[in-house]
Structures are given as C-alpha cells and as structure tokens.
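*Asks:* Here's the letter readout for the chains.
There are 2 protein chains.
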Amino acid sequence: MTIKYDDMFSVCAMGMKRSVIRELLKLTRNPEIISFAGGLPDPHTFPVKEISDISRDILDSRGALALQYGPTEGEEPLRQQLVRFMAGDGMTVPMEDIMVTTGSQQGLDIVGKILIDPGDVVIVELPSYLGGLQAFSQYHPEFVGIPQDDDGMQMEILEEKLVELTKAGKRIKFIYVVPDFQNPSGVTLSKDRRVRLLELAAQYNLLIVEDSPYRALRFEGEAPPTIYSTDKDGRTMYLSTFSKTFCPGFRMGWIVAPPKIMNRIVMAKQAIDLCCPSFTQLITAEYMSRGRMPAQLAMIVDLYKVKRNAMLEQLAKYMPPTVTWTRPEGGLFLWIRLPEHIDSEIIFKQAIEKKVAYVIGSAFYCDGGGKNTLRINFSFASLDQITEGVKRLADLFNSVI
Amino acid sequence: MTIKYDDMFSVCAMGMKRSVIRELLKLTRNPEIISFAGGLPDPHTFPVKEISDISRDILDSRGALALQYGPTEGEEPLRQQLVRFMAGDGMTVPMEDIMVTTGSQQGLDIVGKILIDPGDVVIVELPSYLGGLQAFSQYHPEFVGIPQDDDGMQMEILEEKLVELTKAGKRIKFIYVVPDFQNPSGVTLSKDRRVRLLELAAQYNLLIVEDSPYRALRFEGEAPPTIYSTDKDGRTMYLSTFSKTFCPGFRMGWIVAPPKIMNRIVMAKQAIDLCCPSFTQLITAEYMSRGRMPAQLAMIVDLYKVKRNAMLEQLAKYMPPTVTWTRPEGGLFLWIRLPEHIDSEIIFKQAIEKKVAYVIGSAFYCDGGGKNTLRINFSFASLDQITEGVKRLADLFNSVI
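Which chain is which? The protein sequence lines are A and B, in order.
To convert, note that position 60 of the first sequence is 60 in our numbering; the numbers rise steadily by one, no gaps.
To convert, note that position 45 of the second sequence is 45 in our numbering; the numbers rise steadily by one, no gaps.
Keep in mind the hints are simulated off the structure, nothing from the lab.
Do not take every clue at face value.
List of simulated lysine to aspartate or glutamate pairs, DMTMM-like, C-alpha gap at most 20 Å [what the hints assert, rightly or not]:
id: 1; chain 1: A; residue 1: 17; chain 2: B; residue 2: 96
id: 2; chain 1: B; residue 1: 167; chain 2: B; residue 2: 120
id: 3; chain 1: B; residue 1: 354; chain 2: B; residue 2: 329
id: 4; chain 1: B; residue 1: 170; chain 2: A; residue 2: 156
id: 5; chain 1: B; residue 1: 191; chain 2: B; residue 2: 164
id: 6; chain 1: B; residue 1: 170; chain 2: A; residue 2: 6
id: 7; chain 1: A; residue 1: 49; chain 2: B; residue 2: 388
id: 8; chain 1: B; residue 1: 49; chain 2: A; residue 2: 149
id: 9; chain 1: B; residue 1: 4; chain 2: A; residue 2: 233
id: 10; chain 1: A; residue 1: 260; chain 2: B; residue 2: 192
id: 11; chain 1: B; residue 1: 232; chain 2: A; residue 2: 6
id: 12; chain 1: A; residue 1: 4; chain 2: B; residue 2: 199
id: 13; chain 1: A; residue 1: 26; chain 2: B; residue 2: 220
id: 14; chain 1: B; residue 1: 26; chain 2: A; residue 2: 76
id: 15; chain 1: B; residue 1: 4; chain 2: A; residue 2: 120
id: 16; chain 1: B; residue 1: 191; chain 2: B; residue 2: 329
id: 17; chain 1: B; residue 1: 371; chain 2: B; residue 2: 150
id: 18; chain 1: A; residue 1: 371; chain 2: A; residue 2: 149
id: 19; chain 1: B; residue 1: 232; chain 2: B; residue 2: 192
id: 20; chain 1: A; residue 1: 191; chain 2: A; residue 2: 164
id: 21; chain 1: A; residue 1: 49; chain 2: B; residue 2: 329
id: 22; chain 1: B; residue 1: 26; chain 2: B; residue 2: 329
id: 23; chain 1: A; residue 1: 354; chain 2: A; residue 2: 120
id: 24; chain 1: A; residue 1: 191; chain 2: A; residue 2: 220
id: 25; chain 1: B; residue 1: 260; chain 2: A; residue 2: 7
id: 26; chain 1: B; residue 1: 161; chain 2: B; residue 2: 142
id: 27; chain 1: A; residue 1: 26; chain 2: B; residue 2: 76
id: 28; chain 1: B; residue 1: 26; chain 2: A; residue 2: 6
id: 29; chain 1: A; residue 1: 260; chain 2: A; residue 2: 53
Okay, the calculated bits of chain A under chain B, using three or more residues with CB under 8 Å as the criterion [what the hints assert, rightly or not]:
id: 30; region: 37 to 51
id: 31; region: 92 to 106
id: 32; region: 183 to 191
id: 33; region: 235 to 242
id: 34; region: 251 to 263
id: 35; region: 348 to 361
id: 36; region: 365 to 374
These stretches of chain B come out as covered by chain A in the derived footprint (C-beta under 8 Å, 3 or more residues) [claimed, not checked]:
id: 37; region: 9 to 19
id: 38; region: 53 to 60
id: 39; region: 188 to 202
id: 40; region: 246 to 256
Ideal placement from N, C-alpha and C gives every residue a C-beta, glycine not left out.
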C-alpha cells in the first residue's frame, strides 16, 4: 500500500526547512567558483601532525578508555582543560558547570529544548546566526529581532521591545547573542552594552545565551569581558567550540551553565545521544595539556588578519560608493550592505554566473528583512581568490546598481 | 537577584528524568563490585592497534578532509561501506537512504522528533530499551506496551491493542522494536512474527522503527531476516551502530529510512548538530574497506558466546528453582525473572552490599511493571567475575525468596 508520509510527521518536522546556507553551498561546488559563502576554517591551519602523534599516544596509553563509552558530561581531562582555557579569558567556571557538546550547535539545540515552549519569546540579533535560529525554531518560539549597529545589539531598542512585550503579556525566555565578531555581521558587542544587557536581563528576569565561537580570533583591539564573567546572577549560559580554532572535524564544542540548568542539560544530552566520542575528547585534552593551543590560536589570528586585510583593501578599491561593509576586529565574516533597492537573493544567480558566491543576508533575519545585505567569509579562500573574488563581486554590484 | 530556574524550563525539560541506569551505575563504581549493570562491550575487543594505524594513514593522506566539516548525511566513503555491510545481511539500501548518527541513540531522538506529537501513541515492547523510551519521552507520546514471550512481541496482543486504540480514535505513529537479542530481554523476534508485524503495520498504516545494535553478534542459530528487508512498503526505519562491534568511543551509528522520511531526518540533523565528526567516520570507513570487520565480529562473537555460556552454566548451578531466565542466542544481555513477590529495586541495596550489580527490570517497562525482573550483562565482566557474580546474585535471591 502507498504510505502518505506527510500524515505521519510531527508538527516540528513539518515546520523544518533545509538550511539555506547548506543548499546554497551545493551551488558553489564548481571549483571555478570562488566561494565566500561557507564558514569553513582554512584547512592549512589544522594541526594534522600533532593530532596524528597524539592519537597514537592516546591509543597506546589509554586505548580502552578512549574507545569506550564516556560520561554524559564529557571526559574529565577535557573539562579540566576547558576550565583553564576559560580562566585565561577571565572566566571562573567550575568543571561541574561544563558539558561537552557536538559543536556549539548541539548546545543551541539543547538550550532550545530545555527552555522554549511554543509561543515563548526568544530575543535575537538582527541579523542573527542562522544555526541558532534553526536550532530554536524546532521548539516554535516567537522570535523578536533587535537591530545591531557597529557596537552590536542596540540596547535602547531592546528596552523598548521588552516594555512592549511585557505589556502584551508575553513570556520572554532568553536573549540570544553572538557577542564577539558576530556571525554574520562581524560586529562585536561593546563593553557598555554587555553591562546594560545584563541590567535589562535582570530587570525582566531573563536568561542570556552567549554563543561565542570566534572570540579567540581577535586580530586587534581589546576584548570586552565575556557576558558570562560579568554576570553575577547566574543567568548566562556560555557556548563555545574548537571548530574554528583547532578543527571542525572533531565537532568539539562545550556549554557552560549554572548547576540547576546544567542538571537539565545533562538529562537532555542522555536522551539525545548519551555522550560525545571519548576518542576525540581525549585527543583535544592532550593537545591542550601539551600547551599547544596558544601557538595554534596565534597562527590562525595572524593568517586570518592578513586575509581580512586583503579583503578590506579590495573592497575599498573596487566597490561602488553606495556599497558599505563592516570592519570586523576578528572572526571569519564581514557584512555587506547594498543600496536598498538591490535584493541579494535576486542577484545571487548572476553571482554564480560570475563564479563568486556569498550568503544572502535575509537568511539571517528572523523577520525576513535584510534583503539588501549579504555575508562574506574571509577565512577559507586564498589571498589570490580573495583578490579575484572581490573584483567579481564588485563587477556584479556595479552592473546592478 | 535570585533566579527561579524552574520557572524558565520548558514542559519538555520539566518532564525529563535522569537515566535510571546512569544513576545506578554511579553506585557500582566501587571496583570491588562485580557489575552486570552496564551495557559496555569488553574493551579487550577494541581494535586499538588498527585504529592507531588507520588514524595516522587518514591524517597523512586526507588530513584536511578528515579535520574539516563534513556533509550532514555523513561521509560518503562510510555510507558506501554501510551499503555493503548491510548488503551482506540481505538488505538492499541505496546510499541516499543512509545518514550517519551519534550512536543509534541520536537516530532514536531524531525519529521521535520528526514523528511524535504530544499524545500520539507509540507502541513498544514490554520490556523495552530504556534509551528508546527516554528519547521518545521527550516528545510526550502515549506509550502502549506489548508483552514479549520467548519469540518476542506477542502479535495477538498487538492486534487486540491496535483494534482497541483505533476504536478509541487514537493516532498511532509507529511500533518500536529491538528485534535481535533485545535489550533488555535478550529475546529475538521470530521470522513469522516479523511478517505478521509488517501485515499489522500495513493494515493500520503504521511505521516501524527497527533498532538493531546487536544483530551482528549471533552466537548460534539462524538469523531471521531484518524487518527492513522484508518490508516492501517503505514503512520501516532501520537503526544500527558499531558501538557494540567496533568501539563505542567513536559513537558511530546510522539510520536508514525511505527518501521522504530521510529528507526530514537530514533537516533535523542540520538543526541538531550540523554533522558528525569526519575524522572518526573516515577511520571507520577505512577499517571496513580494509576488510577487517568480519574478523572483528567473529572474534567478539566467540568471546561473548563463551561469556554467555559461563553465565548460563552458573545460573543453572546456583539459582533457586523459582528464578527463571532467558537464553539469548546472541547480544549482550539476559533477563531474570524472580518470584512475583520480590521487587528487584527493593533488594538492589542488598545486592550492592553483596558487591554485585544489575539493572532493575521496571526501568524498561513503560507501564511501571516488571518489578520482579532484572537485566544482567555478560559482555563486560571477566569469566571469573561472571562465576563469582552469579554466585553472589544467587546468594541474594536465596536470602530473600
């Protein structure tokens, strides 16, 4: 008999969409296309040899442990290293408040799962990280977007919205921010705004989800403290990952949360996949305990800074005067704004014809806005590709503006 | 200000419970305790040296790929090997119908997510795999349990229940079975019942979730065909894992589903964690492509058969006559039934005092039954421990019966 699968799916499944980015990436597989679309790190930065040596050493000395099931919370040697790693960034985190996740994406899924009931308000940046929107969407929140400027989410607008939502009797659960070199905009939330964000969260009794995968990749300027370290109330969950700084192929992320929230996070993780792979956790812990992470980070910062500089230089040289862009102090992305009448989705096909790719900005807007914006990545392409790719983009924009 | 975290959690989070098994396992960490409680494979079976060699080779030859993000569906070399692996078990599966998961547990979570709306009926075995119950519970189904006998789920009772549930206007979504050497009972669903299960599923328009992590570990007798291979309608999802046959420390599982369901599974995976680690996927694929899996499986089968035999022998020798147990033809577990008036949870403390551990049977009953039952594992303990541990258990039972 014929099965009508659509009758079988849950409401959650029927609401799912394929990732715009993942689908666009398929169009960019032609090797002639210079792709600024993905968010991939430069594979030349992967410490292949060290990982190979450490893999052998771990298997020689702790094979039975490395290949067995591990604790739901993650392997202790790794969590201990994470305590130290975050201490180096001004964060005092007890090991018990850390759980290892499959990338920070899994942390976002779990946060959504344990916090969002359908209709709850989740406050996000405009634009916001697409993977965060996707993870939370599964739990059917009402997204409320707060525009950013060059200092990140605008606190006056946030306050207005909080007043308005509270008056309307909405149940607001948390504020989701990517405060450092945001994906997609490249913008960093200023120190003052971090303080104000915490004040407003306290006033309205909200949690904060601080998702910071790029924080260690600062090229210049002084890092504002993490929201987590500024928070004295225990209302901040902090998510990070080594996908951009060590290697994505381990899918090594972590989440930090106050004990009562961590308790639920661990229960969710048990039901979701029991635990992360021990093998890659122990390799990562050993890499850190051998003191290799600082040099690794410094090398990546140097490389990406050169790439960002090349991109900024080319943009300044070739872009039409009505096109503007952000100047990120770190991270992987910058953000381009076209004149209002240009829709980056409509001209995407022409970009592919010109053999250059980006991600359309509207993908990052929970309210469907941002049609005249786009995200470009500077970590993956070579310097030659950056030079040539920006020229192609400028050609395109010149032809449509 | 003080945060009332409990006001923040979703309905899903408030319904979560810590895994009974994981919590009991904490009591069994005392090295003097002989634990039959966990479901761990014997670490002596892990192919440590081969994994070490292959890790080095993969990093030498494909380091940039192995450490980069991979496809949501999983690495093609692994999916191709899985096509061959399942073909060797009589299953014809196109690669496109396979997605790699973090253990089969993640497959169960995704199945629950894409199929279950609150109140939907999910039919399970009595007893059933605890991890399956936990994964599905997150989506608030109504569980209906069907008792097993020595040939697995009883089809007459299933039919009665289907009539009854349909009359009551319930929306039944799927039947969840662990048909081979079931966890926890050790029982295998007979060939005839597999056919009947598919007939009933067709009649009532239901999907089937076939979760078979132990299937390759058959000590004796002939394997009935998988439900998946018998199904001509495309109503069966098949889940498996290498956690019991290769190593759990890679968390290497997979799910097979018809294209329309796989489409939703892939979308869910994107939102959940983007993709599984490439590194461990490529190592596993290479291990398979070098033709090592058959010898690995044969070695494990030989070892676990000896352990099962030892356990059966000791049980026959020491157990009081009112205690009965299953005789699994493979897998990792067997199932003990005590006289009705004995509650395995109440006597668990005494077991720990006698320095032996098991899992209480009621943990596996969605209806809270099975109080006089318990699960014991024979894969992890040594032969000496099996001999001594069964004596201790028999002592305990003799003292309370």
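*Asks:* So, for every hint listed, does it hold in this structure?
*Replies:* Evaluation of the provided hints:
1. A/17 - B/96: 19 Å, holds
2. B/167 - B/120: Given that 20 Å is the threshold and the Cα spacing comes to 15 Å, the pair holds.
3. B/354 - B/329: 29 Å, violated
4. B/170 - A/156: 50 Å, violated
5. B/191 - B/164: The hint is violated at about 26 Å.
6. B/170 - A/6: Cα-Cα ~18 Å, so holds.
7. A/49 - B/388: 47 Å, violated
8. B/49 - A/149: 54 Å, violated
9. B/4 - A/233: Holds - the C-alpha atoms of residue 233 of chain A and residue 4 of chain B are around 11 Å apart, at most 20 Å.
10. A/260 - B/192: Status violated; Cα separation ~49 Å.
11. B/232 - A/6: 19 Å, holds
12. A/4 - B/199: 17 Å, holds
13. A/26 - B/220: Distance ~47 Å between residue 26 of chain A and residue 220 of chain B Cα, so the pair is violated.
14. B/26 - A/76: 15 Å, holds
15. B/4 - A/120: 17 Å, holds
16. B/191 - B/329: Between residue 191 of chain B and residue 329 of chain B the Cα gap is close to 14 Å, so the pair holds against 20 Å.
17. B/371 - B/150: Satisfied, since the Cα-Cα distance of roughly 19 Å is no more than 20 Å.
18. A/371 - A/149: Judged against 20 Å, a Cα distance of about 17 Å means the pair holds.
19. B/232 - B/192: 16 Å, holds
20. A/191 - A/164: 25 Å, violated
21. A/49 - B/329: 45 Å, violated
22. B/26 - B/329: 30 Å, violated
23. A/354 - A/120: 43 Å, violated
24. A/191 - A/220: Holds - the C-alpha atoms of residue 220 of chain A and residue 191 of chain A are around 16 Å apart, at most 20 Å.
25. B/260 - A/7: Roughly 12 Å between the alpha carbons, so the hint for residue 260 of chain B and residue 7 of chain A holds.
26. B/161 - B/142: 13 Å, holds
27. A/26 - B/76: 15 Å, holds
28. B/26 - A/6: 43 Å, violated
29. A/260 - A/53: 39 Å, violated
30. 37 to 51: This one holds; 8 residues, not fewer than the three required, reach chain B with a Cβ under 8 Å.
31. 92 to 106: Holds: 5 residues of the region 92 to 106 of chain A have a Cβ under 8 Å from chain B.
32. 183 to 191: Not satisfied, violated; 0 residues make the cut.
33. 235 to 242: violated (count 1)
34. 251 to 263: holds (count 4)
35. 348 to 361: With 0 residues closer than 8 Å to chain B, the region 348 to 361 of chain A misses the three-residue bar; violated.
36. 365 to 374: Result for this restraint: violated, n = 0.
37. 9 to 19: holds (count 9)
38. 53 to 60: holds (count 4)
39. 188 to 202: violated (count 1)
40. 246 to 256: Coverage by chain A holds here, the residue count being 5 at a Cβ distance below 8 Å.
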